[in-house]
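Spelled out from the first residue to the last, the chains are:
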Amino acid sequence: MDNHSTPLLQVEDLRTRFHIPEGTVFAVNGISFSIKEGETLGVVGESGCGKSVTMLSILGLIPIPPGEIVSGKAIFRDRDLIKLPESEFEHLRGNEVAMIFQDPMTSLNPVLTIGRQITETVRTHLGMNQEAAEKTAIELLERVGIPEAASRLGNYPHQFSGGMRQRVMIAMALSCNPSLLIADEPTTALDVTIQAQIVELVLHLREQLHMTIIWITHDLGVVAGLADRVIVMYAGYIVEEALVDDLYENPCHPYTVALLGALPRVDRRRDHRLNSIPGAPPNLLVEPHSCPFAARCTYVIDKCRVENPPLLSVAPDHKSACWVDIKSSTTGITR
Amino acid sequence: MGDAVSATTNIPRLSQDEIESPPLSLGQLTWRRFRRHKMAIFGAVVLILLVLYSFIGSFFLSEKYANYTDTNLRLQAPSSTHPFGTDSVGRDVLARTIYGGQISLLIGLTAVTIETIAGVLVGAAAGYYGGWIDAVLMRITEAVLNIPELFLLIVMAKEFAGKIPTITLLGREFSGSVIVIVVIIGLTSWMYLARIVRAEFLSLKENDFILAARATGTSNNGIIFRHILPNSMAPIIVTATLGVANAILAEAYISFLGLGVQPPTATWGNMLDGANSYLESAPWLWFFPGMLILLTVLSINFLGDGLRDALDPHSRAV
Numbered sequence: 218m219d220n221h222s223t224p225l226l227q228v229e230d231l232r233t234r235f236h237i238p239e240g241t242v243f244a245v246n247g248i249s250f251s252i253k254e255g256e257t258l259g260v261v262g263e264s265g266c267g268k269s270v271t272m273l274s275i276l277g278l279i280p281i282p283p284g285e286i287v288s289g290k291a292i293f294r295d296r297d298l299i300k301l302p303e304s305e306f307e308h309l310r311g312n313e314v315a316m317i318f319q320d321p322m323t324s325l326n327p328v329l330t331i332g333r334q335i336t337e338t339v340r341t342h343l344g345m346n347q348e349a350a351e352k353t354a355i356e357l358l359e360r361v362g363i364p365e366a367a368s369r370l371g372n373y374p375h376q377f378s379g380g381m382r383q384r385v386m387i388a389m390a391l392s393c394n395p396s397l398l399i400a401d402e403p404t405t406a407l408d409v410t411i412q413a414q415i416v417e418l419v420l421h422l423r424e425q426l427h428m429t430i431i432w433i434t435h436d437l438g439v440v441a442g443l444a445d446r447v448i449v450m451y452a453g454y455i456v457e458e459a460l461v462d463d464l465y466e467n468p469c470h471p472y473t474v475a476l477l478g479a480l481p482r483v484d485r486r487r488d489h490r491l492n493s494i495p496g497a498p499p500n501l502l503v504e505p506h507s508c509p510f511a512a513r514c515t516y517v518i519d520k521c522r523v524e525n526p527p528l529l530s531v532a533p534d535h536k537s538a539c540w541v542d543i544k545s546s547t548t549g550i551t552r
Numbered sequence: 025m026g027d028a029v030s031a032t033t034n035i036p037r038l039s040q041d042e043i044e045s046p047p048l049s050l051g052q053l054t055w056r057r058f059r060r061h062k063m064a065i066f067g068a069v070v071l072i073l074l075v076l077y078s079f080i081g082s083f084f085l086s087e088k089y090a091n092y093t094d095t096n097l098r099l100q101a102p103s104s105t106h107p108f109g110t111d112s113v114g115r116d117v118l119a120r121t122i123y124g125g126q127i128s129l130l131i132g133l134t135a136v137t138i139e140t141i142a143g144v145l146v147g148a149a150a151g152y153y154g155g156w157i158d159a160v161l162m163r164i165t166e167a168v169l170n171i172p173e174l175f176l177l178i179v180m181a182k183e184f185a186g187k188i189p190t191i192t193l194l195g196r197e198f199s200g201s202v203i204v205i206v207v208i209i210g211l212t213s214w215m216y217l218a219r220i221v222r223a224e225f226l227s228l229k230e231n232d233f234i235l236a237a238r239a240t241g242t243s244n245n246g247i248i249f250r251h252i253l254p255n256s257m258a259p260i261i262v263t264a265t266l267g268v269a270n271a272i273l274a275e276a277y278i279s280f281l282g283l284g285v286q287p288p289t290a291t292w293g294n295m296l297d298g299a300n301s302y303l304e305s306a307p308w309l310w311f312f313p314g315m316l317i318l319l320t321v322l323s324i325n326f327l328g329d330g331l332r333d334a335l336d337p338h339s340r341a342v
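Protein sequence lines, in the order shown, are assigned to chains A and B.
Residue numbers for the first sequence follow this note's numbering, so the first one is 218 and each next one is one higher.
Residue numbers for the second sequence follow this note's numbering, so the first one is 25 and each next one is one higher.
FYI, nobody ran anything at the bench for these hints, they're computed from the structure.
Backbone N, C-alpha and C define an ideal beta-carbon position, used for all residues, glycine too.
Be aware that a few hints might be false.
In silico contact screen, one side only, chain B against chain A (beta carbon under 8 Å); selected entries [said to hold, decoys possible]:
#1 D232
#2 F233
#3 R238
#4 T240
#5 G241
#6 S243
#7 N255
The following block holds chain B by itself, in its conformation from the complex (with noise of 0.2 Å):
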């Protein structure tokens, strides 16, 4: 560190404080390039407004208010008592959207956890263990994959709807519809999970590291789930948030078709349902609970986008 040399040389000079500092965890590299995706913060920011707009708004609504019905009131538009204004029975659409916000993104997380669970599980056994355990799996795979999963979705529905009965958790009282819902909508949205899973497995149980984990006595369910697994968490994180969207646009659907979760519980895919036909005389009807799952499916998908390129290990920014 003579001065002939700092005075000649152009390279930059580290500061003592840069020297000393330790190396980046993987965490701290992740979301340095999260925060360069202005689209994903974007959407993250969006997603925790609407999480609150869900969970703090009903602090100041009730949920006996959100399903009260006056059919004096019905089809009134936005106003400063209604500011959504009112459905056809006469529902307050401001507080339905908050509880069926909750409805709505419970159904896409716990659906999301059924669907990873199902996801890795079969796409690790399969990966893993190879051979005819990973040719039934795959071929159970592509089967299901092979039914149309709204014609699943919708006879599911009707088959099981009213046999669960209404259960009580955190001081809601949640229709069974909502249960069946979530079940269904897991089990019809594993299939790529456990194929992009499989996949992982199949490359990464090739590596030394797991030769050497198997040598020190490492059992084959603590190399999948300690040594394996946590190196393919990056597209199982990208595949799950994702599937968050896919859930609530599933619900959505079958809910718009009126053989999702049943009313009174509100979810922002049943408030839509008979809003079409007053489609041009009360567009606050679908306007409203439209635009949450608009901006909903939208933020997860440019957080999604975001975190694929934040976990993306061949990345070279940082």
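Just chain A, same shape as in the assembly (with noise of 0.2 Å):
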């Protein structure tokens, strides 16, 4: 692959697990990826697959206990996020790296003006007086298209409406020019004129601010738009990995095959029902030792259940996670 520049971000073989009275949960199992300086990179997969696990255990946001690290690296700038000891991770968390949240009616604090809200990220990371600070809040506001912002800064959440409370979480995320930005299904909790517009303002500042981003959802269709690669999680595994049209037009595992199948289009009959896939995803209380998709797989074969195949390579710049050659497969349906 490329080798002439390092990724932002090389997480390796990443496992969390947390530990429950119910037992322990196998969130995330040994995941690797990287992510090169300027790139988008779309995480897809449905919810509990441990897409934000994998997000929060990098940042180190994971409570421990009942969670746990067991093993991994996430080498960010030659610095191990793994074992970074928090004193320096609160440095790091807002200043290099930012995240919005999925839902932003419950993610700003709602006893405190969102000017304060802001001010206070510029303040501990920039080292601003309150004067400065506000001065680049409203800056910021404006930047992510609040109209008035000088006068809303005295405001609370609750005074802005969804789509701008979602700006409001931008702009904080933004205060600091991040290299690299953790998006985790921020359009999830919006209307869909809302969410294009969301999609609208983070593509518009990744052009203008030149930011790398990770954009986790279970909406293909809104990677389609924005990503330059994909990851396909499932039940805590990456399946499958490729540049976006890639995935799209040849997709190589069957989860994926299944996820697109079952996408509304608009190109087709009102009559037709949508696919959807079989089953349920597995118990993440056992540790698996098969394919963990093996129970809903059309292609499965007996080497499916005794073991979980390894991400390899399919094509330049694809990777899949399956035994089974789906192209030339004769099993199964085809799309």
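Take the two lone chains, each set in its own frame, and fit them into one complex as the hints suggest.
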């Protein structure tokens, strides 16, 4: 692959578990990926597949206990974030790496004005005084498209709509010019039209600020318009990794195929029923030894039930974790 | 906004002013709910009057006068020269209720300050950090709760009595016993607040905005004091308000037993000390300080009740 640029973030064999009274949850089971400077990486998968846990592990935001990062490295600018002490994390988070969360309705502190919440970040990280911080806050709010920004600094989160709050969250995330922005399903809680505005805004800001973005979502449509490369996750594993166009045109993992098949499309007949994936995701309380998707897979062979396939290259810039070459396979359905 | 629409509907139309007025702030909402609470308004007004009584009164009667004894004038019934009568050593009861009020109210406020600081620190640390810190702090809290407060007060008051020198503050002399009482009351009353604060922190720290705050690099202290604490102010304010009443009562108990603030410094509590010998012969000895304690505690409780309703975020009333 490209050796000419070192990746901004390189994650290797990350394993995160949660010890709960019912047993151990195998949330993330040895995933590796990297992201280059300026790239936008989409991470897709259904709820509970470990997308958010992966990102929270990288940022040291997993509550320990019950969480435990069993193994793994996350090299960000020559530092291993997994082993980083908390005091250094405080300097890193919000400053070099910023995160936007899923639900803007609950991610802002209800009793603090948004001005206070934005200025706090810049004051901590950039050491500005209150006056300069407020000026920065106004610029940031204007940049994310909040009208009359100066007069809204004194407002509380409940005085903003959902879309506006997500813009505020984005403004906060951008306040220290982070080199990496992790967006954890930032459009999931919003109306479709607002979603489009937020995606538009992030695209615009990416251009302006040359940000590297990891965009977590379960909306394949959003990823298609946004990402350069996509990781598909299932039950704590990466099952497929490919450039975005390649993934949509040439999916190699049965799960990806099934996911794409479940998407509603404007060019289908209205009475066409959406395909669903039979069965349910595996119980994460059991340590997996087989392919996690085997029970739901239409291409399944005996080997799938005894051995978990590794993530291997199937084409340049395209990896998949499947024992079956589904293109030549005669079993199963075709899309 | 066509004529047809306004003619056919009964929807109340907002005036231009109402449409353009900014939304109510948290403080305004609280005030709106608070002022509906008649008893709380009554409590607040009476409290203000009591504070004025204790502090403005001192401009008319000096402390020297309040502590001046004249055995020729002992146990005089209320008259025009001594409106509240005189006590068993001939001191003017009116002047003593004024200066006693200052001490009683000050003891109430400072003891609650200590209580609040201790309770918030213990509760916040226990609730936020959890784990063994929580376990240790909560066991200590329970242990202190299990000691009968009054006995602890009496024993500690006896133990420390006379060991603290008199200090001068704001031009007044405070006997060391005042400080002893304040510290003792503060240190024996923080447990309920600690439990309340812990419970608040336990639930508040699970909020998304706390994770979001951590993701922007906010330190633990920043999250505890700038993010979670402001969210749990309502129960803290209410508990602290009611704590003032309890502190004043606690001071009255131990002063009544002769172990509290030592004469000549007057408090409403130590004015009652000895009054029990003259229950029938000199009722003005207990009536005036007793009434003042009753009024203060009652108004604080009404005020606390009103604040509880007004600050309750679940209250729908506007």
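Tested hints:
1. D232: Holds, about 4 Å.
2. F233: holds, 5 Å
3. R238: holds, 6 Å
4. T240: Status holds, d = 3 Å.
5. G241: Holds: closest Cβ of chain A sits about 4 Å from G241/B, inside 8 Å.
6. S243: holds, 5 Å
7. N255: holds, 5 Å
In summary, the structure agrees with every hint in the numbered list given earlier.
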